[in-house]
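J.: Here is what each chain is made of, one letter per residue.
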Amino acid sequence: MKPFGYQRPATVEAAVEAFAATPGARYLAGGTNLMDLMKHGVETPAVLVDVSRLPLDAVEELPDGGVRAGATVRNSDLAAHPLVHDRFPVLSQALLAGASGQLRNMATTGGNLLQRTRCGYFQDTSAACNKREPGSGCAARDGVHRDHAVLGHSERCVATHPSDMAVALAALDAVVELYGPEGARTVPVAEFHRLPGEHPERDTVIRPGELITAVTVPGTAAGRPSAYRKARDRASYAFALASVAAVLDTDEDGTVRAVGLAFGGLAHRPWRARLAETALLGQRLTEEAVARAVDAELALAEPLRDNGFKVPLARNLAVHTLSGLAPARSPQRL
Amino acid sequence: MSTGTGSGTSSWVTMTVNGVEYRRELDNRTTVLDLLREHLGLTGAKKGCDHGQCGACTVLVDGRRANSCLLPAVAQDGAEVTTVEGLAAGDELHPVQQAFLDRDAFQCGYCTPGQLCSAVGVFAEAAAGHPSHVTDPGRASGQGPVELSRAEIRERMSGNLCRCGAYPNIVAAIEDVTR
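Order-wise, the sequence lines are chains A and B. Last residue of the first sequence: 334 in our numbering, with the numbers rising by one and none dropped. Last residue of the second sequence: 179 in our numbering, with the numbers rising by one and none dropped.
I should point out that these hints are in silico values taken from the structure, not numbers from a laboratory. Some hints here could point you the wrong way.
Some but not every residue of chain B turned toward chain A, in silico, with C-beta under 8 Å [claimed, not checked]:
1) ARG65
2) GLU155
3) ARG156
Heads up, the beta-carbon is just placed ideally off N, CA and C, and yes, glycines get one too.
All chains should be built: construct the whole structure from the sequences, respecting the hints.
T.: Below, the structure is given as structure tokens:
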């Protein structure tokens, strides 16, 4: 690991100033991804600006019944918080499906979103990787890519974003609050991460020096049936091969009034399934209708040589999860 | 107040480990694990993968389990750390240490300090009512402690690998303590 300086500003404004004043600075929160990448030699910051003790650790109820989670709230605390656990089960379930108990105690809301979209070749400095070293090529495209993207990838990069939390947030229409040298702004979580295109080195739309200060989940979906389902190679403590976050609102006879559906493990970002959502609006929630809608979305998939299994896996996860959210009184419940 | 070293690459760090306060000037690259093992002579916490994947380095930081290999010591300035050396009360073993002996919950023992600290963290998390991936999602918040079934123990301990495969006895030992 390369030597680095360390600063711990006391306010958000001071942190942003410290970052701007120091070439090669990186913000440090829980460090669970950054420290790992520094040990691999992938990240070589000149200075770490420690934001983990900034006063951004509150979970607050919003007037509309939603919730605002500060950037430094630990993943384990957010998952267990009554506002999250009881109103937005999909978010609590997604957080608990990620990493290990130890890592969830360390990892933060902001850091979870800003963990790198990555694959094994990104972490191996001897391998070609356009994300790590633009223009060097992609060892994954013809390499070991069973875990890689089937949607929205490019010639340059086929990595996936590993967050579970972000998939739930995308399905919940959550919003990222940012503060940077040019002031405060917000970005929907579903638009926060990028597809790789020509610039896989950029994972998100965050601007240089910007800091995530909070994530807000609007109250619209509070109390609606929701769930997160994750398929992985072992029962716990592994990234998703595919995952699905679903939030549903139906009327009494099972007609879909609103639906949020997002996939994890399939793309360079959480994949909000807008085509499937649109297809389901106003439909009775039958297994056939769900399958048709999900198939329309996954028709966009372009699997690599060895990861075609992800498409039916994601389809079955989505059909099972959405169907399971149908109202109990509905004769269509599956 | 702002803390830090500016362009310097080392910092003074104060940390209370197993009730004893230490103050050391450390290269900023020093992890809590390296501080414990290389500077304080506390070699209970083990360096397995050094990337947060195996759990052998698990310690309690301010009462909560964490992978000490991924924690820069400078960022934990002021923290209270408990390692496996600090679990016993004098000659009296912590109940989970005794249970590991009674159940023969190890073979080579390399992962054991991390398993023990992790288990102590699990007890606190379950007592606080924190759900896990296998807890019934319909269980509302505020219903008190989560009962540690075998499935709960296996899920909650999944961040601690044992390459000898002593898992059945590790789960049994932890289950003994909950009874």
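J.: Does the nearest C-beta of chain A fall within a distance shorter than 8 Å of the C-beta of B/ARG156?
T.: Hint holds; B/ARG156 Cβ to chain A Cβ min 5 Å, cut 8 Å.
J.: Double-check B/ARG65 for me: the hint is only fine if its C-beta lies closer than 8 Å to a C-beta in chain A.
T.: Holds: closest Cβ of chain A sits about 5 Å from B/ARG65, inside 8 Å.
J.: Hint check: is the beta carbon of B/GLU155 less than 8 Å from a beta carbon of chain A?
T.: holds (5 Å)
Checked against the numbered hints given earlier, the structure satisfies every one of them.
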